[in-house]
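Chains as they are written, first to last, in the working numbering: chain L, 1 to 392; chain S, 1 to 306.
Careful: at least some of the hints might be erroneous.
Within a straight-line C-alpha distance of at most 30 Å, the following computed DSS-like cross-link-like pairs (lysine-lysine) qualify [to be verified]: (1) L/K246 to S/K258; (2) S/K97 to S/K67; (3) L/K368 to L/K346; (4) S/K283 to S/K306; (5) S/K306 to S/K207; (6) L/K185 to L/K222; (7) L/K159 to S/K67; (8) S/K168 to L/K185; (9) S/K90 to L/K185; (10) S/K168 to S/K283; (11) L/K222 to S/K300; (12) S/K175 to S/K300; (13) L/K185 to S/K97; (14) S/K95 to S/K175; (15) L/K159 to S/K175; (16) L/K246 to S/K207; (17) S/K176 to S/K304; (18) L/K159 to S/K258; (19) L/K159 to S/K176.
In case anyone wonders, no lab produced these hints; they're calculated from the structure. Please read these numbers as outputs of a predicted model, since none were measured by experiment.
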Amino acid sequence: MIGKRHGIEVSIALADAVKLCDADVIAAYPITPQTHIVEHLAELVAEGELDAEYIPVESEHSALSACLGSAAAGARTFTATAGQGLELMHEVLYVASGMRLPIVMAVANRALSAPLSVWGDHSDAMAVRDTGWIQIFTENGQEVVDQIICAFKIAEHHKVLLPVMIHLDGFNLSHVIEPIEMPDKQGVCDFAPHRRSPLTLHPSRPVAMGDFAPPVIFTEAKWAQEQAMLVVKPTIVEIWEQFAEKFGRTYKPVECYKCDGAKNLLFTMGSFSETAMTAVDKLRQAGVDIGLVRLRLWRPFPFEEFCAAVKDAETLLVLDRCISSGGPGGPVASELKSALYKLDKKPKVVSFVGGLGGRDITVAGFEKIIVDGLELAETGQERIFEIVGVRE
Amino acid sequence: MQNLGIYASRLVRKEENFVPGHRACIGCGEALAVRLAAKAFGKNTIVVNATGCMEIVASQLPYTSWKLPWIHTLFENSAAVASGIEAGLKAQMRKGKLPQEDIKVAAIAGDGATLDIGLQALSGAMERGHDFVYLCFDNEAYMNTGIQRSSATPFGASTTTSPAGRAKAGQMSWKKDMPAIAVAHNIPYVATACPSYPFDLIEKVKKGLETRGPTYIHILSVCPTGWRCDTEISVMLGRLAVETGVFPLYEVENGKYKMSMVPDKLKPVKDYMKLQRRFRHLKPEAIDSIQARVVEEYEKLLEKAK
Ligand SMILES: Cc1ncc(C[n+]2csc(CCOP(=O)(O)OP(=O)(O)O)c2C)c(N)n1
Ligand code: SF4
Chain L
1 MIGKRHGIEV SIALADAVKL CDADVIAAYP ITPQTHIVEH LAELVAEGEL DAEYIPVESE
61 HSALSACLGS AAAGARTFTA TAGQGLELMH EVLYVASGMR LPIVMAVANR ALSAPLSVWG
121 DHSDAMAVRD TGWIQIFTEN GQEVVDQIIC AFKIAEHHKV LLPVMIHLDG FNLSHVIEPI
181 EMPDKQGVCD FAPHRRSPLT LHPSRPVAMG DFAPPVIFTE AKWAQEQAML VVKPTIVEIW
241 EQFAEKFGRT YKPVECYKCD GAKNLLFTMG SFSETAMTAV DKLRQAGVDI GLVRLRLWRP
301 FPFEEFCAAV KDAETLLVLD RCISSGGPGG PVASELKSAL YKLDKKPKVV SFVGGLGGRD
361 ITVAGFEKII VDGLELAETG QERIFEIVGV RE
Chain S
1 MQNLGIYASR LVRKEENFVP GHRACIGCGE ALAVRLAAKA FGKNTIVVNA TGCMEIVASQ
61 LPYTSWKLPW IHTLFENSAA VASGIEAGLK AQMRKGKLPQ EDIKVAAIAG DGATLDIGLQ
121 ALSGAMERGH DFVYLCFDNE AYMNTGIQRS SATPFGASTT TSPAGRAKAG QMSWKKDMPA
181 IAVAHNIPYV ATACPSYPFD LIEKVKKGLE TRGPTYIHIL SVCPTGWRCD TEISVMLGRL
241 AVETGVFPLY EVENGKYKMS MVPDKLKPVK DYMKLQRRFR HLKPEAIDSI QARVVEEYEK
301 LLEKAK
C-alpha cells in the first residue's frame, strides 16, 4: 500500500497523524519548537476535521494534568511539548506512568535554560529518562508520522498501558519540510482503533486511583510498574511488525547502517543520524572501516538488540546531545557502557558531546568525529568525553 | 437558609459516600465537611482530590474511604485534572464511546492546594469554563505537613513557619480572600460554607454541582490539631467563626451577593480566638485591631449583599 508522498512540514504532518488517530482530547500549551503541532491541531478542531476537546491550558503542568484526567476517564489523549515545558511537567510524568495512563506526547527536543535557548538538543529527553515513559527517538518526518500512529496502539495495548513520548529534534526535524506519505484514514482506524483502558473513572464502577502507598506496599507497586516496562519491548516490536505489514515501512528498536563486518561503529539518536550516514558513506568510500548504529527505542532500553549490534565491534563512538553535568560525560554513552559491561569482549567507547542548543553538526563534522574518535580509541581517551566543535 | 434546618435533616441522604474508617484526627472538621459534601455529590460524581490531609487519611492502600470514583494525582493540579476528566467524558459521549449521562466532576483540595500552589491551575480551569465544582476545605494552614502557614492562615496565628516569638507575633498578613478571587473570574456560583451548618453546606454543594460551568465553594474546616483547640468543640468553633463575622456565610450567584445567615449582633472575635491556642500569644491590642478589621470586612460584605 504505497501512497503518494507530499512535501509537508514535519510538525504539521505530526498533527495530521494525531487527527488520523482520532484523538478525543488534546491539551495544548505553546513552546518553541513544538508550537506548530498544537497550532495545527487547533485548526483541525476549529475546522471540524477532528472531533476532539481542545484544552488550551495555562501551563504545561496543567497540560499533562488535564491529560491525566482525560486518560483516566478513558479518552484517547494527546499533548506536545519541549524543553522547559517538559521540565514543568516533570512531576506529572511520574503520575502518568505510575497510573498506567496511555497518554501520547510529542516532544520537539530543546535545550534547557540557562542560558536561554529555543534550539534543539536532547537535554529535555534525558532529564526525564527515568520517569517510566516509553521513549522513542525519530529520525525523519515519515518516521514521526508512523511512530505517532504506533504510539497510540502501543500505549493502549492491554499488555502495555504506559504513556509514550515520541521525540523529534526541535527545528532540525520539527520545522523541516519533507516528502511524507500520509497513511490512509481507514488504514489507521483499522490498525490503531481506540482501546479504552480496562479501569477508568466512571460512576458505574467506582475505582480509586492514585492512592497513598505506605512503605509496605510502595515497593511492590513500583516493581509491578517496572515489570510492565520490562515486558513491553516484544509488544512494541510486534506492533512495528504489524505496521510494516500494513504500511510497508519497517521499524526496529536498533537500526544498523553498514555495520556488517565493521570493526568501528558510530552511535547516534534522532535526526542527526541521517547526516551521520552520509559521513559514513563518504568515509567508507575513502576506505575507513565504519558503520552506524542508531537507537530508536530509548525506553525500555533494548539491551539485547544493542549488544547484538555492537558485539563484534572494537570501537564505539557515541554522540550525546546532552551533558550529564559533573558526571560520566554524555548520559547515553554512560548508559551504553553499562549495557556493555556484561559482554566478555567489549568495544572501546569514545564519548562525544555535541550538537548542543541547536549547534549543527555537518557531514564534515561527523567525518571529524569519526576520524578523531578512531584516533582516540588508539591512543586512549584522556578526558571523560570530547566536546564537539567548541571554541575554547 | 430560610427554615431549611427544621425539616432538612429528613431530606438528607442516609447513605454515605465518604465512609468511616479513615485516619483523620479526632474532631477533624475537614473530615466532617468532606463527609457532608460527599453526601451532596450523590452517586454520579467523580472526585478529584489534591494532596493533603483528606487524601492521606482516606486513601491508604489497600483501603479507601471513597464509594465514588476517585482520583488523586498531585498537590497543585486537581483543577487541571478535573478539566481533563470533564473534557474526556464530554468528547467520548459526543463521539458515542460512552453513553450520554449526567456525570458530575468535583475537585476537592485544602487551602494550601487552592490559595497557594494550585491557584494557577484553578484560575485556568475557571477561566476556561469547565463544568465542575471546586471545593476548598480551608483549615487555615498546611496541616498534612505539620501546621505551616498558608495564605489562608489568619492574621496573628502561630504556625510552624510563622511561629510567635519574642520578635514576631505569628502570621503577619491578612488571609487571602479566595472567594473574591473566584468571583473575579465571573463564574456562575461562588459560596462559603462550614460543616457547623450542615444543611446549608449540603445545599450549596448541590447547587455548585448542578450549576453548569465552574463553581467554587470555600468551606471553613476546623482543625483541632493545627488550631490547638479541644477536639470536642470543633463544631462549636465553626459556629463561632460565623457568629463573630470571622467567616461569614454567603453565596454569589452570577455576581450577585447574598448572605446566608446574618446574626443579629456579631459576637466578639476574642470569644472565638481564646479557644484556640494558636492565638494565645496575642496581646489585647492585637485582638482589638483584628476585631476592627473583621467588622470592617464584614460590613463591606453586607454592603455587597444589599
Ligand atoms: C509539589 C509539592 N510540594 C509540597 C508537597 C508537600 N505537601 C503535601 S500535603 C501539603 C500540605 C497540604 O496543605 P493543604 O492544601 O492546606 O491541605 P490540608 O492538609 O491542610 O488539608 C504539602 C505542603 C507536595 N506534596 N507536593
Ligand atoms: S491535621 Fe487537622 S485537618 Fe488534618 S486530619 Fe487532623 S484535624 Fe483533620
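Do the hints match the structure? See the list:
no.: 1; hint: L/K246 to S/K258; in the structure: violated, 64 Å
no.: 2; hint: S/K97 to S/K67; in the structure: holds, 24 Å
no.: 3; hint: L/K368 to L/K346; in the structure: holds, 24 Å
no.: 4; hint: S/K283 to S/K306; in the structure: violated, 35 Å
no.: 5; hint: S/K306 to S/K207; in the structure: holds, 22 Å
no.: 6; hint: L/K185 to L/K222; in the structure: violated, 38 Å
no.: 7; hint: L/K159 to S/K67; in the structure: holds, 28 Å
no.: 8; hint: S/K168 to L/K185; in the structure: violated, 68 Å
no.: 9; hint: S/K90 to L/K185; in the structure: holds, 23 Å
no.: 10; hint: S/K168 to S/K283; in the structure: holds, 12 Å
no.: 11; hint: L/K222 to S/K300; in the structure: violated, 53 Å
no.: 12; hint: S/K175 to S/K300; in the structure: holds, 16 Å
no.: 13; hint: L/K185 to S/K97; in the structure: holds, 19 Å
no.: 14; hint: S/K95 to S/K175; in the structure: violated, 45 Å
no.: 15; hint: L/K159 to S/K175; in the structure: violated, 50 Å
no.: 16; hint: L/K246 to S/K207; in the structure: violated, 53 Å
no.: 17; hint: S/K176 to S/K304; in the structure: holds, 18 Å
no.: 18; hint: L/K159 to S/K258; in the structure: violated, 55 Å
no.: 19; hint: L/K159 to S/K176; in the structure: violated, 48 Å
Of the hints listed earlier, those the structure fails to meet are numbers 1, 4, 6, 8, 11, 14, 15, 16, 18 and 19, in rising order.
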